[in-house]
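Engineer: One letter stands for each residue in the lines below.
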Amino acid sequence: DQQVKQNSPSLSVQEGRISILNCDYTNSMFDYFLWYKKYPAEGPTFLISISSIKDKNEDGRFTVFLNKSAKHLSLHIVPSQPGDSAVYFCAAQDLYSGAGSYQLTFGKGTKLSVIP
Amino acid sequence: DGGITQSPKYLFRKEGQNVTLSCEQNLNHDAMYWYRQDPGQGLRLIYYSQIVNDFQKGDIAEGYSVSREKKESFPLTVTSAQKNPTAFYLCATSPLGGANYGYTFGSGTRLTVV
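Order-wise, the sequence lines are chains A and B. Counted from 1, the first sequence has number 85 at position 84 by the numbering used here; the numbering is strictly sequential. Counted from 1, the second sequence has number 181 at position 96 by the numbering used here; the numbering is strictly sequential.
Just so you know, the hints here were simulated from the structure itself, not pulled from any lab data. Be a bit skeptical, because a hint or two may be false.
Computed cross-link-like contacts, DSS-like style, restricted to lysine-lysine with a CA-CA straight-line distance of at most 27 Å [claimed, not checked]:
hint, chain 1, residue 1, chain 2, residue 2
1, A, K38, A, K55
2, B, K94, A, K109
3, A, K109, B, K168
4, B, K94, A, K38
5, B, K99, A, K38
Given the sequences, and given the hints that come with them, work out the whole structure.
Structural biologist: Okay, here's the thing in structure tokens:
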């Protein structure tokens, strides 16, 4: 059973416009959420995170929104740039459940293409 | 300069052979993880270790083995029992305790069975 879902395998956006990547989760024990960016043949790199006590976190062009009641988070990239073209993984963590609680549960990823 | 080193970057294996992927870290992180990435499958956890000489199976451990003899190293052996070993393998580390900072990933090893 997939606990973290990214239902859009791919997304294409024009350069300069907003990119919105969505992520849904089912485990109500998750209390920390992260977004990773991955280029082909490289390891994922950390992008931005949000704790469940917040509903928004912003870092430059990247903003993550969390809606706990809907078990939904989204990553907004404004303005989108061609260098943002990559696969984006949503990940969730349950920090306080004992052994194994530091594990991240990943979604399957969304491939973002920013068209010049 | 702290980081994670995965080697080799590309690896070719004949069917029926075992092969070992290396992962070394100098971040002083307690936990280490092995993931496999296949197209359309995202990242799937193979094994993880939170302390030296202890490790746990992840979601797809069959056909793989690991060891954690020292904190800095967490090698993964892909055995001949793994039916479909061609994939991109990622090693990751994380600290334990206090505020969490997610994972740091290595640059990956591409394994191809020929």
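Engineer: Tell me the numbers of any earlier hints that the structure contravenes, in ascending order.
Structural biologist: Structure breaks hint 5 only.
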